[in-house]
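*Asks:* Taken in order, these protein sequences are the chains called A and B. Numbered per my numbering, the first sequence finishes at 268, counting up by one with no gaps. Numbered per my numbering, the second sequence finishes at 492, counting up by one with no gaps.
No lab work stands behind these hints: they were computed from the structure. All figures in this text were calculated on a predicted structure; none of them were measured in a lab. A few of these clues could be false.
Stated by the list, open to error - Restraint-style ranges between C-beta atoms, simulated for each label pair:
1) R69/A / L319/B: 35 to 43 Å
2) G307/B / H155/A: 39 to 47 Å
3) V303/B / V68/A: 31 to 39 Å
4) R481/B / A249/A: 35 to 43 Å
No residue lacks a Cβ here, since even glycine has one placed at the ideal position from N, Cα and C.
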Amino acid sequence: MERENPVATKDDVRSDQPMVEFRNVVKRYDQTVLDNLDLVVGKGDKSVIIGPSGSGKTTILRILMTLVRPEEGQVLIDGTPLWTMEKGGQLVDANDKHLREMRNSLGMVFQQFNLFPHMTVLRNVTEGLIRVQGMSKDQAEEEALANLDRVGLRHRASDHTWQLSGGQQQRVAIARAIALKPRVLLFDEVTSALDPELVGEVLEVIRDLAFNTNITMLFVTHEMRFAREIADNVIMFDRGQVVEQGPPAQIFDDPRELRTQDFLRKVT
Amino acid sequence: MSWDWAYSISIIPALLDGLWVTLIVTFIATSFGLVGGLGLGILGSMANPVLSRIAGAYVVIFRNTPFLVQLYLIYFALPEFGIVLSSEVSGVLGLGLFISAYMAEVFRAGIASVPSGQWEACTAINMSKFHTWMRVVLPQAIPPIIPMLGNYANLAFKLSAYVAVIGTIELFGTALRLGEKSYRYLEPFTLVGLMYLAVSVAVTVSLRQLEKRMQRTRPEMTTL
């Protein structure tokens with residue numbers, strides 16, 4: 001996808017500085033899903049989390065998007081605690097205001113797209129720009145059209161979302177997320193709900209973003225070939241903890257841990 | 269006793285006046301019920317256990333006591349606490365409170381039918397709670413429940429006859445008075461019954477039309 005970059009992104013220069021950090025994070029539902037998880041994602045990095053289904057990979061993204069609160073530990077976004085804040089010299093649970101400030105840096109694309117079905121494609125993208133970022137309608141529409149153009153759907157702007165294929169809907173969801181210029185973008189099994197022939201167009205859009213923006217990206221996916229292609233860092237996750245992590249070549253071709261070897265044998 | 273056409277025709281203007289009062293009572297009480305029901309439905313859907321329990325208690329109390337008991341408490345018992353309301357205000361208020369408890373459950377169901385992914389998408393684009401409700405949740409929660417809300421408006425219309433017992437002269441009350449004056453009950457109550465029937469059937473038919481039209485225009489939004 002060779003294209004002028006119409007979408008300005010916050011200029012997080014790629015560096016070894018951590019953008020996302022998990023420190024001893026514990027999350028329990030009926031059982032422990034995250035068990036003292038430690039995890040670091042560098043600024044501008046594209047990290048892919050792999051591992052058996054039901055192992056809690058999605059929970060990592062949901063905690064980052066502030067959809068679920070961890071029981072213990074600390075999550076940092078660019079050094080700032082996400083779920084706690086300082087108040088009168090003490091660390092207290094984050095309030096709504098703090099969470100909203102933090103969410104300005106975050107965006108997420110969901111497995112089921114979660115587009116707003118009562119709005120047109122364009123409105124799906126302008127809604128956040130107008131209601132959250134306070135843009136004028138004209139400005140927001142211009143911005144939204146540029147982002148729809150990036151995912152190749154400018155011509156469908158006035159359609160209803162249910163007139164689009166699943167792949168197109170997911171591309172709109174991506175446009176909605178990047179229009180808000182997140183510094184961290186989370187992809188939760190974004191191709192799992194798609195018919196196989198629609199997966200390619202979505203991966204194509206993500207490839208463009210991964211190679212041409214500095215957005216820090218965190219993926220949960222079962223597309224191993226795609227992971228190998230775009231990841232700087234592959235994180236093998238199982239039973240609430242990181243089993244091992246490293247560049248794709250190392251994890252896929254020369255995994256050190258038995259559990260990683262087992263898992264890769266099963267999925268490839 | 270046989271049907272007296274001349275008498276029937278002579279009481280029609282009085283009955284139409286009564287019908288007008290009934291429609292006004294129904295309209296105000298339904299509006300009240302919609303606003304109250306929406307508020308209660310939102311409270312009942314909140315994660316805050318105190319608020320949702322208060323809403324839940326209201327619904328339980330008003331749905332599980334007879335409407336007449338509520339009406340008598342408002343009109344005859346509240347004055348003992350210094351709250352004196354006219355018969356008309358008591359009737360409209362009582363009917364509004366009663367119907368709001370039923371509508372609250374409809375709103376709550378409508379809100380619950382909005383997939384959790386919609387809330388999550390709002391969080392992901394950092395929408396405020398207020399905008400999440402106003403722009404995303406309610407616009408999806410309300411259209412599918414409009415026919416059900418209409419059914420309760422129709423119920424309020426028929427229940428409004430009860431306000432005659434605390435002295436509001438609406439359609440049913442007018443028939444009562446006519447009966448007491450002329451000792452003829454066949455004509456007034458037959459005509460009153462026909463008037464209730466005509467309005468109620470008209471409302472039901474138009475609700476069904478509305479439902480059909482909604483299914484045509486928004487195929488994905490009428491599932492509940």
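*Asks:* Now, for every hint given, state plainly whether the structure supports it.
*Replies:* Against the structure, the hints:
1. R69/A / L319/B: 35 to 43 Å: violated, 20 Å
2. G307/B / H155/A: 39 to 47 Å: holds, 43 Å
3. V303/B / V68/A: 31 to 39 Å: holds, 34 Å
4. R481/B / A249/A: 35 to 43 Å: violated, 59 Å
Taken one by one, the earlier hints fail for this structure at numbers 1, 4, listed in ascending order.
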